[in-house]
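Chain residues, written in single-letter form:
Protein chains: 2
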Amino acid sequence: MESQSCSWSKIEGKNIPTTVELDPIIYKYTFSGCRILDIGCANGKVSIPLALHGYSVAGVDINTEVLSMAKSSCKSQNCLQIPLFAKGNATILPFADATFDVAVMQAFLTTVISKENRARIIREACRVLKPQGHLYIADFGQTWHSKIYRERYINDLAVTKEEGSFLAYDQKTGELAYVAHHFTEKELVFLLIENGFEVEYFKNDEFVTRTGNQVNGFVVVGRKE
Amino acid sequence: MESQSCSWSKIEGKNIPTTVELDPIIYKYTFSGCRILDIGCANGKVSIPLALHGYSVAGVDINTEVLSMAKSSCKSQNCLQIPLFAKGNATILPFADATFDVAVMQAFLTTVISKENRARIIREACRVLKPQGHLYIADFGQTWHSKIYRERYINDLAVTKEEGSFLAYDQKTGELAYVAHHFTEKELVFLLIENGFEVEYFKNDEFVTRTGNQVNGFVVVGRKE
Numbered sequence: 001m002e003s004q005s006c007s008w009s010k011i012e013g014k015n016i017p018t019t020v021e022l023d024p025i026i027y028k029y030t031f032s033g034c035r036i037l038d039i040g041c042a043n044g045k046v047s048i049p050l051a052l053h054g055y056s057v058a059g060v061d062i063n064t065e066v067l068s069m070a071k072s073s074c075k076s077q078n079c080l081q082i083p084l085f086a087k088g089n090a091t092i093l094p095f096a097d098a099t100f101d102v103a104v105m106q107a108f109l110t111t112v113i114s115k116e117n118r119a120r121i122i123r124e125a126c127r128v129l130k131p132q133g134h135l136y137i138a139d140f141g142q143t144w145h146s147k148i149y150r151e152r153y154i155n156d157l158a159v160t161k162e163e164g165s166f167l168a169y170d171q172k173t174g175e176l177a178y179v180a181h182h183f184t185e186k187e188l189v190f191l192l193i194e195n196g197f198e199v200e201y202f203k204n205d206e207f208v209t210r211t212g213n214q215v216n217g218f219v220v221v222g223r224k225e
Numbered sequence: 001m002e003s004q005s006c007s008w009s010k011i012e013g014k015n016i017p018t019t020v021e022l023d024p025i026i027y028k029y030t031f032s033g034c035r036i037l038d039i040g041c042a043n044g045k046v047s048i049p050l051a052l053h054g055y056s057v058a059g060v061d062i063n064t065e066v067l068s069m070a071k072s073s074c075k076s077q078n079c080l081q082i083p084l085f086a087k088g089n090a091t092i093l094p095f096a097d098a099t100f101d102v103a104v105m106q107a108f109l110t111t112v113i114s115k116e117n118r119a120r121i122i123r124e125a126c127r128v129l130k131p132q133g134h135l136y137i138a139d140f141g142q143t144w145h146s147k148i149y150r151e152r153y154i155n156d157l158a159v160t161k162e163e164g165s166f167l168a169y170d171q172k173t174g175e176l177a178y179v180a181h182h183f184t185e186k187e188l189v190f191l192l193i194e195n196g197f198e199v200e201y202f203k204n205d206e207f208v209t210r211t212g213n214q215v216n217g218f219v220v221v222g223r224k225e
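Chains as they are written, first to last, in UniProt numbering: chain A, 1 to 225; chain B, 1 to 225.
Heads up, a few of these hints could be off.
Since copy identity is lost for identical chains, a pair holds within one copy or between any two.
[Said to hold, decoys possible] The calculated DSBU-like cross-link candidates involving lysine-lysine, where the alpha carbons are at most 30 Å apart (straight line), are:
1. Lys224 with Lys75
2. Lys28 with Lys147
3. Lys147 with Lys224
4. Lys130 with Lys147
No lab work stands behind these hints, which were simulated from the structure alone.
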């Protein structure tokens, strides 16, 4: 991400583990020979399974540490095609227009703090997709029925300035580890339709966070208009 | 509902059919001999199945026409206990404090136009419930991924003055038939916790509207604090 004035900008792009699995709906939009871009690929948790299916996969992440992890776990597996892992900023992707058939953002937007960057990222995904290409997004939903998350959204609002965002601390050191955002359906839908996509598929789901909490989740597929 | 200054107040309380079925989770909160209040009971679609289970059921609705329908469909079925159907305003229920073990609002709040009345209705349900009594709510959720509903919410906002509310017209006459509200999770949760309840159960669901559209839905159980 580009640098921001807010104090936690340094932690954006760090390795934020997640337990959200790739939803099988993605295979409705993939096909033999298709080219897939995994945006915010982290340790390759999504890129590698897609490569094992035989697809041509590129994974980008701003964090070189997780890219090394992705490369080494790739070596230990029997990929038909080795994914191309590259350092890259999701707001300025290092690819030409209309390169990919499918783009994937698996629990990635939750780590993007600013609304403006989220919009830039979706427009950039749109740019590198071919016409009628698909953008698959799986991400966390605001979970107001959970007292834990309700209180986090409310208590952290003074700092985050955005409803649904909250601060997560390192359990050992007590230091601020990262800021995350949970989306409303309206937010995710408008993020897509205002930045070049039509909503083609939408599912409410339940995800498990890295700390083991059950929260709302969305699986969304947008089609480039 | 009590009279309101808005122009559609006259249509509130009319017979608004729905296809939302009673969720089986309710039977986790009922028990032999329990007393159930069905608020906005309409034609008895919920009261009668509950009475067939042997529970002592009271159904209230402001609309006498639908109450007659409830009474006659009750006669044609073999209820162990005949529900008591009574005309009543959900904001001023004709029952003493702490009368019921369980209260039910099945696709009822969607028909209540004003936020203030919704809060009054929840407080009133709380009043007539026994301590630790349960309020079951099933209602429609805002469905932003549907282009049809997205456009209705946005286009009708100038008239309804509340996001998620929309106007429904009679398909034959073209006249305004009713105003309905679709909720956000946050709205429903705060409606409960600000008016005497803790959220005990929450489920995202998919409902079918009377016009056959698939929309988001919520099944929520609150516990009187």
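Identify every previously stated hint that the structure contradicts and give their numbers, smallest first.
1
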